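Asker: Chains S and P, in that order, give the protein sequences. Numbering-wise, the first sequence is residues 1 to 944 according to my numbering. Numbering-wise, the second sequence is residues 1001 to 1459 according to my numbering.
Hint data in this document are derived by calculation from the structure and do not stem from the laboratory. Owing to the predicted nature of the structure, the values given are computational and were not obtained by experimental measurement. Worth double-checking, as some hints may not be accurate.
Distance ranges between label pairs, derived from CB positions [to be verified]:
#	chain 1	residue 1	chain 2	residue 2	range
1	S	GLU699	P	GLU1035	30 to 38 Å
2	P	LYS1327	S	SER477	30 to 38 Å
3	S	GLU699	P	GLN1120	52 to 60 Å
4	P	GLN1120	S	THR856	53 to 61 Å
5	P	SER1424	S	GLU699	44 to 52 Å
6	P	ARG1124	S	LEU594	37 to 45 Å
7	S	GLU699	P	GLN1159	50 to 58 Å
8	P	GLU1348	S	SER29	25 to 33 Å
9	S	PRO516	P	THR1415	36 to 44 Å
One-sided excerpt, in silico: chain P residues whose CB lies under 8 Å from chain S [to be verified]:
#	residue
10	GLY1088
11	PRO1091
12	ALA1092
13	SER1097
14	ASP1101
15	GLU1178
16	ALA1182
17	GLY1405
18	ASN1407
19	SER1429
20	LEU1434
We put the beta carbon where it would ideally sit given N, CA and C, even for glycine.
Each chain, written out:
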Amino acid sequence: MANFIERMCLYLVLVLSVFLSIIQAVDRSNFKTCDQSAFCSRQRAMKPGQSSYRALLETLELSDSHLTVQLLNNNNKVLLLLELYRLQGNMTRVKINELKPVKPRYEVPDVLITDPPTELMSVVAQDEHRVVLSLGGEDWRLILSAQPFRLDIMEGPQVLLSLNSRGLLAFEQLRIRKDTISHKISSTVGSMWDKIKSVFSSKSQTDTKEAGEKEDTEKHDKEKVSEGEEAEEEVDQPGMWEETFKTHADTKPNGPSSISLDFSLPGVEHVYGIPEHADGLRLKNTDGGDPYRLYNLDVFQYELFNPMALYGAVPVLLSHNTHRTMGLFWLNAAETWVDVSSGQGSSEVPQTDVRWISESGIIDVFIMLGPRPNDVFTQYASLTGTQAFPPLSSLAYHQCRWNYNDQEDVSAVDQGFDEHDIPYDFIWLDIEHTDGKRYFTWDNNKFPQPKDMLQGLLDKRRKMVTIVDPHIKVDSSYKIHTEIRSRGYYIKNKDGGDYEGWCWPGNAGYPDFTNPEMRKWWASMFAYGQYEGSMENLYTWNDMNEPSVFNGPEVTMHKDALHGPWEHRDVHNLYGFYVQMATAEGQIQRSGGLERPFVLTRAFFAGSQRYGAVWTGDNAAEWGHLKMSIPMCLSLGLVGISFCGADVGGFFKTPSAELLVRWYQAGAYQPFFRAHAHLDTPRREPWLFGPDNTALIREAVRQRYTLLPYWYLQFYHAQRTGQPVMRPLWVEYPEDIATFSIDDEFLIGRDLLVHPVTDERSSGVTAYLPGNGEVWYDVHTFQRHDGAQNLSIPVTMSSIPVFQRGGSIICRKNRVRRSSSCMENDPYTLYVALDSQGNAEGELYIDDGHTFKHETDKQFIHRRLSFTANSLSSSDLSPDSQFPSASWVEQVNILGAQKPDAVTLTTTDGGESSVEFAFDPDTAVLTLRKPGMNAGVNWTLHLR
Amino acid sequence: MSCALLLLLMSLALAMGTGAAVEIQRPRGVPLSSEQFYEENKPFTCLDGSSTIPFDRINDDYCDCRDGSDEPGTAACPNGSFHCTNAGFRPAFIPSSRINDGICDCCDTTDEYNSGATCQNTCREMGRKERESLQIMAEITKEGFMLKQQLIHEAKRGQEDKQGKLTELQGSKKGLEEKVEALRTVKETAEDPEKEAKERHLKSWEEQKELIRMEKDKTRMAEAFLELDDDADGYVSVAELQSHLELDPDSDGSLTETETQVRCLSSSSTLFLPLKADDEVSMPPYDTETQSLIDGAYSHLFYNLGLVPQSLICDPEFIWICRNLEKEIGFDFGPSAEFAYLYSQCYELSTSEYIYRLCPFNRVSQKPKFGGSETNLGLWGQWAGPEDSLYSVMKYDHGQGCWQGPNRSTTVKLTCGKETVVTSTSEPSRCEYLMEFTTPAVCQEPASLDEVLQGHTEL
């Protein structure tokens, strides 16, 4: 078996060695630096200075919803159209496009959930130099300056943000190519060229390029004269009409089309976001290095602390200081680079300058003005939607490996979890489960009876995920391929044929997921009748959807490939987004719209949160990668993608038992909790490292399961409000500067603070507990600690430092069973952590865990739990919803309590009963024994 | 509250085919053996002694005891366990988290008394099946054990034979070696005058010769490889040397004929090296002065050599018979040498893609069914069973390296059977193979069948 794989691999390597250098740790030379990317290096060569753009105020038009004004480039006289919108919810949208492009420029569809509703904008003052617009309120102003063009957003006398203040607005207008052979011939009259023409046309363009450029300069000189001094003719620069990287030529029939704009943020020292990068939470200064790159790429063995592009891209940047949080959403799906430069602005005020550069499309930027972190999340959610509410079981533990070999293997692993009493909900099958990497099929020898296998899992209330990648094996006997080909759904190469590239199956085609017809068809392939061997407990994993093309430039698709009228260049970062969209839609449809989907994706874009989960791709079994999982998921959470996780254990290489245990402990407290391993690594199911380690892993997984009600509640909130589930501390403590750069600990929701142990042979960690006047309780010992301090915590191998915020109430299910579904009707235990005033609040959310009935039929329970004046009560937060739950309250633990004389329970039917209790004076924990009320009713517990 | 389940008295039919019913009363989930701790209507002390609670708190769906002993019949305690009687089959403990989880765990359905799961009582059927398979196993074990006795007997005889043969061979070898040693002394004295002259000549020749030799080695290696495909047939041939990589002087993974010769000569006497150094390309003649010195020494030597049965000492087969015998005698063939019969045998298993081949105490390999070369999945390493049954697992390692991975290795699990067969192979982890192998040699002395069955039909 290994032999076969090995041969295939060798074969592949042999075939690819022409294109790829031999695979090792990240080969940086496979990926472009800004210098190697023609548009980036052109744009970056432009230095801050006076902008050549002038706003023609005489063209200004103001309607109810927006303002338009033309911008003139003084150098080349090209006109742009600026559109300004004041959006509901304290946002401003700035759109800049060519006034009259020679052909349309790409505007990203499908990412915004709706055309953002606008609000009235009014002119407050106007003269020949500027226009002052009101953004609502007394002192919110937008100032448009004419010469040079710039925009300033003000609150009172304070500048919050300026556009083009450094003069880096640049817009490469679309143009007709002038250096082609035919142009040369027409512009250089002479029969000599006619003779040469036939010779040249048989050669490649690169051969003639140099000659062409020379001719071009001559021609320009001529034109200059005729056009007079009106426009300064631009000289073509290298890489404008074609570009070669390694052996890959990018023909650029549309020529240069890049755009750039700068933003200045006075008073800002901390900026975040623009994932995905393997870097710290706080963005670094990119002066002197490469900008952060956003270009979805399959990077083999990525490096840490690096601005290189990774699998996904969300062009959203957040700025934060003690007064204000803001966001910039640069809606562009082409290759994008972001420069960040922090330093002193004028008058010694700190300032951060940000510059965005994209290869094509238009400038379409949403300025989210906060002012609180929560406001920015709400604002961004109103544009791109919120995290899809996942099935409850997908928040539990996932067991994955490339690959579980066959049905017997799956059954043995399933059995292994039961034998070792470790819960799990999902087992995953990677690419080897298919018939020759033909997705939607099964290897007949290894998985002859997939339905039997799925039924076996279903019998244990467990589920499975199979991988379905977007590259489709070119094979005339493969139905998926022949259908896509005959329907014309494949992406086309520059010459109009079906684009083909190498991936796992060998030669593969790539369906055009930007085509809604294609997505519809793809979704229909998940119907039970279409996907043979599938059942309702089978879910999907979309990998390689950057898209990964082994023999393509930078291991992805050629930019001159065609998606209908658009080039791949324009849509690249959207591809993975669409793949997951179509797959999730397929899962919804197969259940007749009843069941929530679960789809994991590796590539993503702004808005991907609406379709499922993401993971941080092919990490490695190294302590550094364990640490990095925290800032990577925090960054994703800030830009809407809450359902994030890293491969527990590390994908490449082999973890030590200690690293594996620590990773389980950290992963148990991150949103998406899945262990995964590379094909070449030894097996690492949790029980293979001796009984001690098995026990440690079991305990970590069990902690996850007890907290599932809390996780579920957080995702309910995330779906409703767009607040991230896993949060940096500064989101909840925006005025505490000490929290601004912390990325080795995090919050889950508001109430749990987690500081995982991520160092080898660690004997202790120092956790920062935020909040002046707040208290935190160790969830394991109930020990109470004051906020606003660095707390040294000694640790052993079993330690997972987690703290509950004083003032919160958390519901757990302490009866951990073999899967989350088995715990459906189990009772709750409440942990009431009192704040320094003796109060606490929390919520409880319950529904069926897997359907849309909470939405469609209002079938859910949402309750407020509140402890105040020595009474704990449960009240209905959603009186018009209903759900019959068998769950009840088996225990209440009040942390930081005093011993009462008596405890009584009052229910709405007027019943009153006394409740037994125990008080531990050492920990100040009051435990109420079996109050027993149903989780869905009103009740009050009185402490006297 | 519906979940509050107080003491539930169990009515159990001790039916065991007779239909006679005996009523036993004890809390749900408690095994007979612990019944005495749960005295009705008396305060219950947790089995770990941690606290004492009223009797009505047993199985009241709230965990009062740290050890979970107050909730043997509910899922309230995280560390509790539930006892299923499983009348007709085997009683079992399950974690109490499996009570009422909607999944039938106990064949008598007693774990799902309040979950709505519809479970069928399958104990009788399972009991019947298990008895049948136990019966079959017992028969196999019985026959297998008899075969094992035979194997032990044969092994003992075989070992004795081999030991005798080895002693004999070693004796004659020793005699010869003494003779050679005597000759060496004679030669060395005769040689001295010529040595210096010869060395001069040799030095210049050496360089030239090295080139030629390298060329030749290549050709020979290729030829040797062609011969290596022979089955292990009990005889030690040159071809088989290939599997003994520890004897391979240049560690190139093969032993060429040249190498065999070198080893043969060096292990018997360096005396013959100059003579056999190169059999096809001869050294250019010495100058006359040197030649005359040499002539003196050589004529003397040739005379003496005639007395030595050179062919025997130098014969690779002789050397290898000795070595092989030594090696075989040195192997750990189990406490009574019951695994000796596997030595120099090979067993194959054909799967859809490959033919797997186990040659015990030697190697494991895999060959694609439809063309392609054989892959070494590991060479004999050691017995690797757990402490109490060391001889139940064989480990073969240092097989062919994996691309971007470890060297292949194979674990062979031995189970009792009448036949000696490979029953399955798998690759649980990349390049780590698992083979199941049945042999009578691991069959344990069977307990009487009645005993076996009795152990499984407890109430």
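Asker: Decide, hint by hint, whether the structure agrees.
Answerer: Right, here's what the structure says about each hint:
Separation of GLU699/S from GLU1035/P is about 32 Å and conforms to the stated range, judged on CB atoms against 30 to 38 Å. Against the hinted window of 30 to 38 Å, the Cβ-Cβ separation of LYS1327/P and SER477/S comes to about 54 Å, which falls outside the hint. The hint said 52 to 60 Å for the Cβ distance between GLU699/S and GLN1120/P, and at roughly 35 Å that hint is violated. Evaluation of the 53 to 61 Å hint for GLN1120/P and THR856/S yields a failure: the beta carbon distance comes to about 36 Å.
For the hinted restraint 44 to 52 Å between SER1424/P and GLU699/S, the CB-CB distance of approximately 35 Å leaves it violated. At about 40 Å, the beta-carbon gap between ARG1124/P and LEU594/S stays in the expected band of 37 to 45 Å. Checked against the hint of 50 to 58 Å, the C-beta distance between GLU699/S and GLN1159/P comes to roughly 53 Å, which is consistent with it. Between GLU1348/P and SER29/S the C-beta distance comes to about 48 Å, which lies outside the given range of 25 to 33 Å.
Range check, PRO516/S to THR1415/P: Cβ separation about 59 Å, and the 36 to 44 Å hint is violated. A distance limit of 8 Å between C-beta atoms decides the matter here; for GLY1088/P the minimum to chain S is near 22 Å, and the interface restraint is violated. Taking 8 Å as the C-beta contact cut-off toward chain S, the hint placing PRO1091/P at the interface is violated, the least distance being around 18 Å. Taking 8 Å as the C-beta cut-off, the interface hint given for ALA1092/P is violated, the closest approach to chain S being about 13 Å.
Interface hint at SER1097/P: satisfied, since its Cβ lies 5 Å from the closest Cβ of chain S, which is below the 8 Å cut-off. Taken as an interface hint, ASP1101/P checks out: its beta carbon lies about 4 Å from the nearest beta carbon of chain S, inside 8 Å. Below 8 Å, beta-carbon pairs count as interface contacts, and GLU1178/P has none with chain S, the closest being about 51 Å; its hint is therefore violated. Evaluation of the ALA1182/P hint against chain S yields a violated restraint, the C-beta minimum of about 55 Å exceeding 8 Å.
Evaluation of the GLY1405/P hint against chain S yields a held restraint, the C-beta minimum of about 4 Å falling below 8 Å. The criterion of a C-beta within 8 Å of any C-beta in chain S is not met by ASN1407/P, whose closest approach is roughly 11 Å, and the hint is violated. Interface restraint check for SER1429/P: the shortest CB-CB distance to chain S comes to about 4 Å, inside 8 Å, so the restraint holds. The interface hint given for LEU1434/P is violated, since its Cβ lies 11 Å from the closest Cβ of chain S, which is over the 8 Å cut-off.
Violation of the numbered hints given earlier is confined to hints 2, 3, 4, 5, 8, 9, 10, 11, 12, 15, 16, 18 and 20; the remaining hints are satisfied by the structure.
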